[in-house]
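K.L.:
Residues per chain, in single letters:
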Amino acid sequence: MGVIKKIQYNCRHATYLIEKRQHVRLTLRERIELAIHLSGCSVCRLFQKQSRMINKMIKGVFRAKEEEGRRLDEDFKRTMQRQIDERLNK
Amino acid sequence: MVETIVLEPRSWVSAHADYLYNYAFARLDHEEQARDLVQETFLAALERLDQFKGRSSERTWLTAILKFKIIDVYRKRNSGLQTERVDREPEQEFFEADNGHWKEEYSPRPLGAGREDALGVEDSDPLADKELTSILQRCLQKLPALWYSVFTMKHMEEEATDKILQELKLTSSNFWVIIHRAKLNLRACIQKAWL
Chain Y
15 MGVIKKIQYN CRHATYLIEK RQHVRLTLRE RIELAIHLSG CSVCRLFQKQ SRMINKMIKG
75 VFRAKEEEGR RLDEDFKRTM QRQIDERLNK
Chain P
2 MVETIVLEPR SWVSAHADYL YNYAFARLDH EEQARDLVQE TFLAALERLD QFKGRSSERT
62 WLTAILKFKI IDVYRKRNSG LQTERVDREP EQEFFEADNG HWKEEYSPRP LGAGREDALG
122 VEDSDPLADK ELTSILQRCL QKLPALWYSV FTMKHMEEEA TDKILQELKL TSSNFWVIIH
182 RAKLNLRACI QKAWL
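Protein sequences appear in the order of chains Y and P.
In our numbering, each residue's number is its place in the first sequence (first place is 1) plus 14.
In our numbering, each residue's number is its place in the second sequence (first place is 1) plus 1.
Simulated from the structure, these hints should not be mistaken for laboratory data.
A virtual CB, placed ideally from N, CA and C, is assigned to each residue, including glycine.
Don't take each hint at face value.
[What the hints assert, rightly or not] Dumping the calculated BS3-like pairs for lysine-lysine here, alpha-carbon to alpha-carbon at most 25 angstroms:
(1) Lys77(P) x Lys170(P)
(2) Lys54(P) x Lys104(Y)
(3) Lys77(P) x Lys164(P)
(4) Lys63(Y) x Lys170(P)
(5) Lys193(P) x Lys63(Y)
(6) Lys73(Y) x Lys104(P)
(7) Lys143(P) x Lys63(Y)
(8) Lys104(P) x Lys19(Y)
(9) Lys34(Y) x Lys19(Y)
(10) Lys70(Y) x Lys54(P)
(11) Lys54(P) x Lys73(Y)
(12) Lys19(Y) x Lys63(Y)
(13) Lys77(P) x Lys131(P)
(14) Lys70(P) x Lys143(P)
(15) Lys34(Y) x Lys143(P)
(16) Lys104(P) x Lys143(P)
(17) Lys143(P) x Lys91(Y)
(18) Lys143(P) x Lys20(Y)
(19) Lys131(P) x Lys63(Y)
(20) Lys104(P) x Lys164(P)
(21) Lys143(P) x Lys170(P)
(22) Lys77(P) x Lys79(Y)
(23) Lys131(P) x Lys73(Y)
(24) Lys131(P) x Lys79(Y)
(25) Lys34(Y) x Lys20(Y)
(26) Lys68(P) x Lys70(Y)
(27) Lys34(Y) x Lys131(P)
(28) Lys68(P) x Lys91(Y)
(29) Lys54(P) x Lys68(P)
(30) Lys70(P) x Lys73(Y)
(31) Lys131(P) x Lys68(P)
(32) Lys68(P) x Lys193(P)
(33) Lys63(Y) x Lys20(Y)
(34) Lys34(Y) x Lys73(Y)
[As the list claims (entries may be wrong)] Not everything, but these chain P residues come out facing chain Y in the computed CB check (under 10 angstroms):
(35) Val14
(36) Gln34
(37) Glu106
(38) Asn175
(39) Leu185
(40) Arg188
Isolated chain P (complex conformation) (with noise of 0.2 angstroms):
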């Protein structure tokens, strides 16, 4: 016989409360809007209880509602944002407007610099440096609201591309643009605070 899984939505918040917050801020970088989405996220839950189909843990299926919730976050922050205009190429910056060359001032540089080379060496391991962790943070926080969602949906759900594309309502040329014009720009924020 298959064990169906039963809700038990009385020990929800003991049982899942904390996991949720932690998966919510995670992707937010925001308390009180994580904080918000796990309430929501329960009152939703017991609207639904009918449709829970018993096939995946309580917790697996709580999280998917959340997800749903912490994309309309994603959408809300980057409304504010459809009408930036993708052509107006601010990778420009970066490179010669004839010819496509790096410019002088932007051009990658080995990142070791008399230390151990975190960012030029393959096997060293750059998680380990607390201060270039830290820089990264801080560059990431830099990056226009869409540039961040379409990032961590692209690295911490490792979404399929055409998902996210439809979740946020972009083009697939779009979506190439702003993972390389925020990977540029990363790239430069940590190079600058680094050397």
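Bound conformation, chain Y alone (with noise of 0.2 angstroms):
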């Protein structure tokens, strides 16, 4: 197989490629290579599409769990008030 073929055929290289474009800028080999399987794999690319979709919706996820406005157990705050003072206090 050609190099040119084994780039074009290269799934699992181009899906490590796209995911490491997400953080990092790549070599120029590398976005070369990226660009020639792109331009020819349509999966590839509607994988690259759902790819940045996911980490859109996992930060939105993670944003949403931390404003929850979950509230600690009465009990346990009032624990960890008599800690601190009973510190203080030595």
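If you follow the hints, you should be able to join the two separate chains into one complex; please do so.
P.N.:
Here it is as structure tokens:
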């Protein structure tokens, strides 16, 4: 298999580069490889779109969880308050 | 005159306990662990009151202490997995071994399927879709502890990659392999649940 053919077929490598690209700048060689692959592979283009969307969603999910407004148990808070007061009064 | 911030430990519980609890819970997904870490954070902070420089807010300072404790939990959760060899290549499941092409059954498909095209169209808002969000949450929970830690740190804290590597004692090539695997699994899990 020729070099170009290898790049065109290797979705495994292409998806690896798609993930890496979302966090760091790829090397020139990697950028060219990915461009060649994506130009001929609609499945990986779809993967890329979905992967970015998932990243966005993950961020949203975690933010939402942080803002859920859970409250610590009042008894537990009293225990902590007592511990803090005791240590400060030592 | 620059106003220096003074610590008031007696009001920590009423001022910050719920905030710290939510912060920890969002990252650990475990009520008891989150609760214990809040307590440990206060006690650790009391031990080092003299190290507070007054340059950040009280809450920022306490959160920084909590963050280290969360990373410790990640480390402990992962310690059982450290022996997992990264070269076992579980992503082979998704691709043909000889040429790296997608296997038919795992090949990404548009996730529109008659509904709003939630994962196929750029300008739709996938967060608005409660069902998709809950599928994502379920799929996240299926990830191995190490992958979950890496993902959480990367996406929540927007932590620099080299800092994550250092904290979790990973090499950078392992890091990309983990990110790749986690995403392949996550996406496949969502597709399976959605279609």
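K.L.:
Each hint should be assessed against the structure and marked as holding or not.
P.N.:
Checked hints:
1. Only pairs whose Cα atoms come within 25 angstroms are accepted, and Lys77(P) paired with Lys170(P) is accepted, the gap being roughly 12 angstroms.
2. Between the alpha carbons of Lys54(P) and Lys104(Y) the distance comes to roughly 23 angstroms, so the proposed pair stays at or under 25 angstroms and holds.
3. Of the supplied pair hints, the one linking Lys77(P) and Lys164(P) holds, its CA atoms being roughly 17 angstroms apart against a limit of 25 angstroms.
4. Of the pairs offered as hints, the one joining Lys63(Y) and Lys170(P) is violated, with about 31 angstroms between alpha carbons and a cut-off of 25 angstroms exceeded.
5. Restraint check for Lys193(P) and Lys63(Y): satisfied, since their Cα atoms lie roughly 17 angstroms apart, inside the 25 angstroms limit.
6. Distance check on the hinted pair: Lys73(Y) and Lys104(P) sit about 29 angstroms apart at the alpha-carbon level, beyond 25 angstroms; violated.
7. Proposed proximity of Lys143(P) and Lys63(Y) is supported: the alpha carbons are some 22 angstroms apart, at most 25 angstroms.
8. Distance restraint check for Lys104(P) and Lys19(Y): the Cα-Cα separation of roughly 18 angstroms lies within the 25 angstroms cut-off, and the hinted pair is therefore satisfied.
9. A distance of roughly 22 angstroms separates the Cα atoms of Lys34(Y) and Lys19(Y); the hinted pair therefore holds under the 25 angstroms criterion.
10. Restraint check: the Cα-Cα separation between Lys70(Y) and Lys54(P) comes to about 36 angstroms, which exceeds 25 angstroms; the hinted pair is violated.
11. Annotation: proposed proximity of Lys54(P) to Lys73(Y) is violated, straight-line Cα distance about 32 angstroms (limit 25 angstroms).
12. Using a Cα cut-off of 25 angstroms, the hinted pair Lys19(Y) and Lys63(Y) holds, with the two alpha carbons roughly 24 angstroms apart.
13. In summary, the hint linking Lys77(P) to Lys131(P) is not supported, as the alpha carbons are separated by about 32 angstroms, beyond the 25 angstroms threshold.
14. With a C-alpha separation of about 23 angstroms, the suggested pairing of Lys70(P) with Lys143(P) holds against the 25 angstroms cut-off.
15. A C-alpha spacing of about 22 angstroms is found between Lys34(Y) and Lys143(P), which places the hinted pair at or below 25 angstroms, so the restraint holds.
16. Distance hint between Lys104(P) and Lys143(P) is fulfilled; the C-alpha atoms sit about 22 angstroms from each other, no more than 25 angstroms.
17. Taking the CA atoms of Lys143(P) and Lys91(Y), the gap is about 32 angstroms. The hint is violated against a cut of 25 angstroms.
18. Annotation: proposed proximity of Lys143(P) to Lys20(Y) is violated, straight-line Cα distance about 33 angstroms (limit 25 angstroms).
19. Distance check on the hinted pair: Lys131(P) and Lys63(Y) sit about 20 angstroms apart at the alpha-carbon level, within 25 angstroms; holds.
20. At roughly 35 angstroms between alpha-carbon atoms, Lys104(P) and Lys164(P) are farther apart than 25 angstroms, so this suggested pair is violated.
21. Annotation: proposed proximity of Lys143(P) to Lys170(P) holds, straight-line Cα distance about 22 angstroms (limit 25 angstroms).
22. As the CA atoms of Lys77(P) and Lys79(Y) are separated by approximately 23 angstroms, the hinted pair is consistent with the 25 angstroms bound.
23. For the hint pairing Lys131(P) with Lys73(Y), the CA-to-CA distance comes to about 15 angstroms; that is within 25 angstroms, so the pair holds.
24. A distance of roughly 14 angstroms separates the Cα atoms of Lys131(P) and Lys79(Y); the hinted pair therefore holds under the 25 angstroms criterion.
25. Of the supplied pair hints, the one linking Lys34(Y) and Lys20(Y) holds, its CA atoms being roughly 20 angstroms apart against a limit of 25 angstroms.
26. About 23 angstroms separates the Cα atoms of Lys68(P) and Lys70(Y), which keeps this hinted pair within 25 angstroms; it holds.
27. A distance of roughly 28 angstroms separates the Cα atoms of Lys34(Y) and Lys131(P); the hinted pair therefore is violated under the 25 angstroms criterion.
28. A distance of roughly 20 angstroms separates the Cα atoms of Lys68(P) and Lys91(Y); the hinted pair therefore holds under the 25 angstroms criterion.
29. At most 25 angstroms may separate the alpha-carbon atoms for a hinted pair to count; Lys54(P) and Lys68(P) meet this at roughly 18 angstroms.
30. Restraint check for Lys70(P) and Lys73(Y): the C-alpha separation of about 21 angstroms stays at or below 25 angstroms, so the hint holds.
31. Note on Lys131(P) and Lys68(P): the hinted pairing is violated, with a Cα-Cα distance of about 29 angstroms set against a maximum of 25 angstroms.
32. Pair hint Lys68(P) plus Lys193(P) does not hold up; C-alpha atoms about 34 angstroms apart against a cutoff of 25 angstroms.
33. The suggested pairing of Lys63(Y) with Lys20(Y) holds, with an alpha-carbon distance near 23 angstroms, which does not exceed 25 angstroms.
34. In summary, the hint linking Lys34(Y) to Lys73(Y) is supported, as the alpha carbons are separated by about 17 angstroms, within the 25 angstroms threshold.
35. A hinted interface residue such as Val14(P) counts as satisfied when its beta carbon comes closer than 10 angstroms to some beta carbon of chain Y; here the least separation is about 5 angstroms, so the hint holds.
36. Nearest Cβ of chain Y to the Cβ of Gln34(P): about 13 angstroms, over the 10 angstroms cut. The hint is violated.
37. At a threshold of 10 angstroms, the smallest CB-CB gap from Glu106(P) to chain Y is about 13 angstroms, leaving the interface hint violated.
38. The criterion of a C-beta within 10 angstroms of any C-beta in chain Y is not met by Asn175(P), whose closest approach is roughly 13 angstroms, and the hint is violated.
39. Evaluation of the Leu185(P) hint against chain Y yields a held restraint, the C-beta minimum of about 7 angstroms falling below 10 angstroms.
40. For Arg188(P), the interface hint holds, the least distance from its beta-carbon to any beta-carbon of chain Y being 6 angstroms, beneath 10 angstroms.
Hint violations for this structure: numbers 4, 6, 10, 11, 13, 17, 18, 20, 27, 31, 32, 36, 37 and 38, all remaining hints satisfied.
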